[in-house]
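There are 2 protein chains.
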Amino acid sequence: MIENFADRLLGAIERAGSPVCVGIDPVYERLPSDFDNVPDPVRAIEHFSRVVLEIVAGIVPAVKVQIAYFERYGSKGVAAYERIVADALSAGLIVIGDVKRGDIGSTVRAYAAGHLERENSPDAITVNGYFGADGLAPFIESARRLGKGIFIIVRTSNPSAAEVQDFTDRQGKKFYEHLAEQVASISNGEGLIGEKGYSCIGAVVGATYPAEVQQLRKVMPRQIFLLPGYGAQGASARDCLGGFRSDKTGAIVSASRSVIYAYQQERFATTHWKDAIAQAARDLAADIRQTLDSEM
Amino acid sequence: MIENFADRLLGAIERAGSPVCVGIDPVYERLPSDFDNVPDPVRAIEHFSRVVLEIVAGIVPAVKVQIAYFERYGSKGVAAYERIVADALSAGLIVIGDVKRGDIGSTVRAYAAGHLERENSPDAITVNGYFGADGLAPFIESARRLGKGIFIIVRTSNPSAAEVQDFTDRQGKKFYEHLAEQVASISNGEGLIGEKGYSCIGAVVGATYPAEVQQLRKVMPRQIFLLPGYGAQGASARDCLGGFRSDKTGAIVSASRSVIYAYQQERFATTHWKDAIAQAARDLAADIRQTLDSEM
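Protein chains in written order, with my numbering: chain A, 1071 to 1366; chain B, 1071 to 1366.
So here's chain A without its partners, still in its complex pose (with noise of 0.2 Å):
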C-alpha cells in the first residue's frame, strides 16, 4: 500500500530531528568563485546545486527545489532540475519541486502527468489554487493515488501579499482566509488523510507574516504547513511557531538564500563555502528544534 506524503514527511522529520528544508535556488551570479571557471550556466548551477544536496542530505529531512532558477535557461535548464530532483530523492531527502502551476482542470491534468506522475518526480509540488477546486481536481487526484502531496498557496512572503490577498469580506474575513477555508474542505477527502492526521494536500504560508500563520493553522488544522520567508525574507524561528500545532507537528520552515549563500555572510568570511553552508544548514536545524522546545 502507498504511504500517504504527510506521514512519510513527518517520518522524514522525525528522523532528521528538524522540521526544516532547504531550498535550492541557485543563481549564477552569486555562486562561489570555484565556478568562475565554469562558463556554461546551466551546467554550474546543477554542479552547485548537486553539492548543496550532498551537503544537506545528513542534516535536512527535505529540500525545496525552485524551478524558476532552472527555467530561466529554457529546457536545458529544466533538464537540470530533472536531475537535481533525481540526485535529492537517491540521497534519501523528502523533494518539494516549487514550481506553483495552476490552471483550469483540462490543463492541471497535463501539470500533473509532468510534475508529479513521471519517473523521478518530487514527492510533492506547489501549486497555486487561485482557479478553485475544479483546477486542483488532477493534482490532489495524482497526490491520492501515488503517495504524493500537493502545497497549496494560501498567503505568501511577500512584501505586497496584503495588498492583494488581506482583500476582506463584511464580516472581517480576508481573501487568503476563505482561500484557507476552500484548502481545508478539498483535504480531507477520501484517501487523503494519513495516519497521524494530516492531509497530503498542504499549504504555503508566508512565515513573514506570524499573525496570519497562527490564524491559519486554525483554519486548516489538518494540513502541513510550508513556511517559506525564514532568513533572507526577514523571519525569525519564532514567528514560524504559530504554524505548529501544540505537539510540535504540523510545519516544515523552508530557508534558501541564508542557507545556501551562508559563504556571502560575513560571518563566514574566512570558512571554506561548503563548510558555511553545512553550518548554516545545522544552524537552520537547531535554531528551529530549540525555539520549538522552548517555547512550546
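You can take every hint at face value.
Restraint-style ranges between C-beta atoms, simulated for each label pair:
(1) PRO1109(B) x ASP1110(A): 30 to 38 Å
(2) PRO1291(B) x GLU1187(A): 38 to 46 Å
(3) MET1071(B) x ARG1215(A): 52 to 60 Å
(4) GLU1084(B) x ARG1315(A): 53 to 61 Å
(5) LYS1344(A) x GLY1259(B): 41 to 49 Å
(6) PRO1102(B) x ARG1315(A): 48 to 56 Å
Chain A side only, calculated, beta carbon under 10 Å to chain B, not exhaustive:
(7) ARG1179
(8) ALA1207
(9) THR1238
(10) GLN1241
(11) HIS1248
(12) PRO1298
Covered stretches of chain B, as calculated for chain A (at least 3 residues, CB under 8 Å):
(13) 1147-1157
(14) 1182-1193
(15) 1200-1213
(16) 1226-1235
(17) 1239-1246
By construction, these hints were calculated from the structure, which means they are not laboratory data.
Every residue gets a Cβ at the ideal spot worked out from N, C-alpha and C, and that includes glycine.
Place chain B on chain A using the hints.
Below, chain B without anything else, positioned relative to chain A:
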C-alpha cells in the same frame, strides 16, 4: 525604438481582420490517426502543433501555446514547446506563451528571464497576479524594456472560478474586481501605454462569465483582454462582446480545442483533419468578426 506590445498585437489583429487567437493545446491521445505510427508522443505533438501553425498562420493573427501539454513530458517536451514558439514567430504570428507563472519578486526575475527574455521567447505570456505588485514587477520590467506583453489572470473561465474569485467585500466588490483594479493601476506606468492607448499589461478574463467580462471592461479600460472560454468551454461570440470597447478593439478571443480538434466534430466527419482545422479557424474568425460588426 521598440514597439509597444499592445500596438503590435492590435496591428496584427487589424491586418488579419479578426481579433482571435488559436490555442495550441496538443494532447497525444486526441491526435488524428495519421499520428498512430508516431510512437514518441513528444515528436507527435510537436509535429501536429507545427501543422496547426502552418494552417492557421494565414487565418488568425495570434496563437496561444499552452506549455502544460509540453511540460507533461518534462524537459524534452519543453524543448518542443520552444521549437513551436520559434516556428510560430517565424510564421509571423503573435505568440502568447500560456505559462501562468507567478511567485515572489526574486523568483519572478528568473521566470521573466526564461520566458520573455531569451532568443525566440514568446511575444507575451500569461502570469498569475496573486503575489501582488512586487511579484509582477520583473515581468513588467521585461515587457517595458523588450516590447513584450503580459496577461494577468483576473477571472478564470472554469466552473469553480466563482467559489474562490467571487469573494465579496462590504461594498459588494468581488475579489476579482479588486485584482482588476490592481492590474489597472500598475499598467499605467511610464513606458507601458502604447500609441493606441492600450497597455502592454493585459488581463485574462474568462468569456464563460459574460456579465463579469462587461463589468471588468470598465475597471480595466487600458487592458487588452485575452478571452479564453469560447468554443469547447461553452462561451459564444456574443458572450465575448463585453470585452471589447465600442470601437471594437481591446480584446482577443482564444479558442483551442474547438479549432485544433475540429476533425472530431460531427460536421467534419467526412473532411480531412487539416481542412477541418482550417475551416474551424476561419469559422472562429468570421463568427467573432461578424458578431462584432452586427452587434456593436
